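Enquirer: Dock chain B against the given chain A, drawing on the hints supplied.
Keeping their order, the protein sequence lines are chains A and B.
Mapped onto this note's numbering, the consecutive letters of the first sequence carry residue numbers 1036 to 1275.
Mapped onto this note's numbering, the consecutive letters of the second sequence carry residue numbers 14 to 102.
Think of the hints as simulated: they come from the structure by calculation, not from any bench.
Keep in mind it's a predicted model, so treat the numbers as computed, not measured.
Some hints could be false.
Heads up, simulated DSS-like pairs for lysine-lysine below, C-alpha to C-alpha not over 27 Å straight-line [to be verified]:
| id | chain 1 | residue 1 | chain 2 | residue 2 |
| --- | --- | --- | --- | --- |
| 1 | A | Lys1225 | A | Lys1160 |
| 2 | B | Lys87 | A | Lys1160 |
| 3 | A | Lys1251 | A | Lys1129 |
| 4 | B | Lys87 | A | Lys1140 |
| 5 | A | Lys1107 | A | Lys1160 |
| 6 | A | Lys1129 | A | Lys1140 |
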Amino acid sequence: MIHNMTGGAAGLNLKVVGGTTRPTGAENTIWVNTSTAIGSYAFSAAQPTSPASGMLWFKTAASSNAAINVDKKNTVLLYPTGCKQYVSGAWVNKTAQTYQGGAWKDWGLYLYHYGETDLGFEFTKNSFSQASGLAGDHIYLAASYKTQASATAAATSATDLTPYSTAAVELSATLTDGTGTTSVGFGTEKGSYDSAFYSCTTLNRQVVEIDISGLKGSYFFSASRSNGAGETKIYSVYLR
Amino acid sequence: MKIYIDNDCICHTCNDGTMREFDAAFFDGKCAAFIEGYRYVPAGEVWTRDDGEVFAGEMVAPAVDSRVLEACQKQYEALLPLIPAEVRA
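The shape of chain A in the complex, shown without the other chains (with noise of 0.2 Å):
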């Protein structure tokens, strides 16, 4: 269903679009899963202030994946890499796509979506752990034994994380038995948290967010879960 067009202003070579449902595409549309109406919009790196209900923030950065130009002469060229809304008196972060090429982008970049990776996992776990692999829409890291158990997915290249200033992971952790964490984050190593990481010992279904604004430079993504029975799944990793 689409709640609100706007945009395609004279001299302006894009049209917005708000919508749970991804419009039929049209080059340099660019649509925001929303079920907010949207009201204005702004391209910028920081925080607007003083938004009104409904506005978009299309947050910039010096590159993106799907950088888009904005003026019929295209001579205007700006790096989207991130969508926020004003709802309800705060920023929620919507997701948002540029149809280009005959093809919907992604703003940011997906290390693993729902069973889906172009990156590629190597997967590992010792005698302790049952499981480590890829199981449907998720990654599974699971362990039996409550302690010495090890099991790890790591992405099997590194990553330019110097355009995205956020990860997204959604995921979730059990623990049966034991004390034991999962984590997930970023490494200069194949399986290394060494730069960046987010942990938990349980943790019910959700997006949890890593602050990478400060790496600079290529990083291997990685999750694993340590010591104590229990199961962690990976559902989505996107960068932003």
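Expert: Chain B only, in chain A's frame:
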């Protein structure tokens, strides 16, 4: 490694009297410049970035350019063998 965090969750190696103390294995073997370039959000707490993004702990993340921190740490590790053990302690 014992660290201290200020109200913005920035790590320090010395407590000025206003900070909270934590033990964080992540910082074992790290030099002061590396540690003080990091942010540590304890489990059960949140930290809000300047752009309004909220991050839940436990989270460890660089607060400044990671390339600078890595260069400091490499230099520290290269010099470490030259520092007498009694001074290191």
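Enquirer: With a cut-off of 27 Å on the C-alpha distance, tell me whether Lys1129 (chain A) and Lys1140 (chain A) pass.
Expert: Given that 27 Å is the threshold and the Cα spacing comes to 15 Å, the pair holds.
Enquirer: Regarding the pair Lys1107 (chain A) and Lys1160 (chain A), is the alpha-carbon distance no greater than 27 Å?
Expert: 54 Å, violated
Enquirer: Is Lys87 (chain B) within 27 Å of Lys1140 (chain A), Cα to Cα?
Expert: The given pair, whose Cα atoms are some 39 Å apart, is violated under the 27 Å limit.
Enquirer: Quick one, are Lys1225 (chain A) and Lys1160 (chain A) close enough, alpha carbons at most 27 Å?
Expert: Cα-Cα ~14 Å, so holds.
Enquirer: Checking one constraint from the list: CA of Lys1251 (chain A) to CA of Lys1129 (chain A), max 27 Å. Satisfied?
Expert: 24 Å, holds
Enquirer: Between the alpha carbons of Lys87 (chain B) and Lys1160 (chain A), is the straight-line distance 27 Å or under?
Expert: 30 Å, violated
In this structure, the hints that do not hold are numbers 2, 4, 5, in rising order.
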